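*Asks:* Each chain, letter by letter, is given below.
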Amino acid sequence: QKEVEQDPGPLSVPEGAIVSLNCTYSNSAFQYFMWYRQYSRKGPELLMYTYSSGNKEDGRFTAQVDKSSKYISLFIRDSQPSDSATYLCAMSGSFQKLVFGTGTRLLVSP
Amino acid sequence: DGGITQSPKYLFRKEGQNVTLSCEQNLNHDAMYWYRQDPGQGLRLIYYSQIVNDFQKGDIAEGYSVSREKKESFPLTVTSAQKNPTAFYLCASHLAGTGGLGELFFGEGSRLTVL
Numbered sequence: 001q002k003e004v005e006q007d008p009g010p011l012s013v014p015e016g017a018i019v020s021l022n023c024t025y026s027n028s029a030f031q032y033f034m035w036y037r038q039y040s041r042k043g044p045e046l047l048m049y050t051y052s053s054g055n056k057e058d059g060r061f062t063a064q065v066d067k068s069s070k071y072i073s074l075f076i077r078d079s080q081p082s083d084s085a086t087y088l089c090a091m092s093g094s095f096q097k098l099v100f101g102t103g104t105r106l107l108v109s110p
Numbered sequence: 001d002g003g004i005t006q007s008p009k010y011l012f013r014k015e016g017q018n019v020t021l022s023c024e025q026n027l028n029h030d031a032m033y034w035y036r037q038d039p040g041q042g043l044r045l046i047y048y049s050q051i052v053n054d055f056q057k058g059d060i061a062e063g064y065s066v067s068r069e070k071k072e073s074f075p076l077t078v079t080s081a082q083k084n085p086t087a088f089y090l091c092a093s094h095l096a097g098t099g100g101l102g103e104l105f106f107g108e109g110s111r112l113t114v115l
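Note that the protein sequences, when read in sequence, are chains U and E.
Numbered according to the working numbering, the first sequence terminates at residue 110, and the numbering increases by one at each position without gaps.
Numbered according to the working numbering, the second sequence terminates at residue 115, and the numbering increases by one at each position without gaps.
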């Protein structure tokens with residue numbers, strides 16, 4: 001079993017939809033949770049960074065962490081065609097290396 | 001502008017040849033990393049370095065070598081011993097000493113194809 005599981009998609013939605021992206025994990029030592037966005041043939045860029053459980057909002061993006069269920073989510077409101085990309089979850093414990101999910105490919109159609 | 005520069009963007013090599021991928025950063029970051037990305041496998045850590053003249057193996061170091069002679073530079077050599085070198089290679093960096101390692105800055109990547 002992988003430490004971090006993420007559905008590869010693709011996930012296709014119409015413009016304006018609410019998107020939900022998810023990851024599950026098995027290592028209870030993980031405390032830091034990240035979402036990266038990666039456009040085709042580019043390096044990933046950090047979208048959201050959360051410590052421990054709870055919600056964090058930034059514009060149209062909301063990150064949720066439920067440590068009791070070992071489940072993290074990224075919600076995108078009012079999705080735009082420019083949101084079409086691969087979304088990678090990543091997580092780590094203190095001073096430990098990052099573990100990445102495989103990424104979910106999102107397609108937002110106009 | 002501060003950032004990470006990887007070169008070349010695309011590289012084609014014949015089997016059995018060593019290849020060196022360049023990674024330079026002007027962010028004054030202490031730690032640098034090399035990842036490999038394959039479809040369906042996410043990012044896998046090859047090597048990392050927390051300080052000049054020191055580096056550690058990641059999860060898939062076999063067939064790769066690195067050096068860290070300068071803070072700004074962390075080149076990766078893909079040797080002929082690497083059995084399946086065709087992949088997208090990503091270099092990243094961050095400020096060392098933080099509890100969480102999440103805020104990695106990535107370069108644009110180098111796509112290596114071995115013919």
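Calculated from the structure, these hints are not laboratory results.
All of these numbers come straight from a predicted model, not from anything done at the bench.
All C-beta atoms, glycine included, are put in the ideal place defined by N, C-alpha and C.
Misleading hints may appear alongside valid ones.
Straight-line distance between alpha carbons at most 25 Å, and here's what the computed DSS-like set of lysine-lysine pairs gives [what the hints assert, rightly or not]:
| hint | chain 1 | residue 1 | chain 2 | residue 2 |
| --- | --- | --- | --- | --- |
| 1 | U | K2 | E | K83 |
| 2 | E | K71 | U | K42 |
| 3 | U | K2 | E | K57 |
| 4 | E | K57 | U | K97 |
Far from chain U by the CB rule (all over 12 Å, computed), these chain E residues [claimed, not checked]:
| hint | residue |
| --- | --- |
| 5 | S22 |
| 6 | P39 |
| 7 | R44 |
| 8 | L45 |
*Asks:* Each of the hints needs a verdict: does it hold here or not?
*Replies:* Structure-based check of each hint:
In summary, the hint linking U:K2 to E:K83 is supported, as the alpha carbons are separated by about 23 Å, within the 25 Å threshold. For the proposed pair E:K71 and U:K42, the alpha carbon gap of about 24 Å is at most 25 Å, so the pair holds. For the given pair, U:K2 sits about 20 Å from E:K57 by alpha-carbon distance, which is consistent with the 25 Å threshold. Using a Cα cut-off of 25 Å, the hinted pair E:K57 and U:K97 holds, with the two alpha carbons roughly 12 Å apart.
With 12 Å as the threshold on Cβ separation, the claim that E:S22 sits away from chain U holds: the shortest Cβ distance comes to roughly 14 Å. Against chain U, the non-interface label of E:P39 is violated: not every CB pair exceeds 12 Å, the least being about 9 Å. At roughly 8 Å, the least C-beta separation between E:R44 and chain U is not larger than 12 Å, which violates its mark as non-interface. For E:L45, the condition that its CB be more than 12 Å from all CB atoms of chain U is violated, with the nearest at approximately 6 Å.
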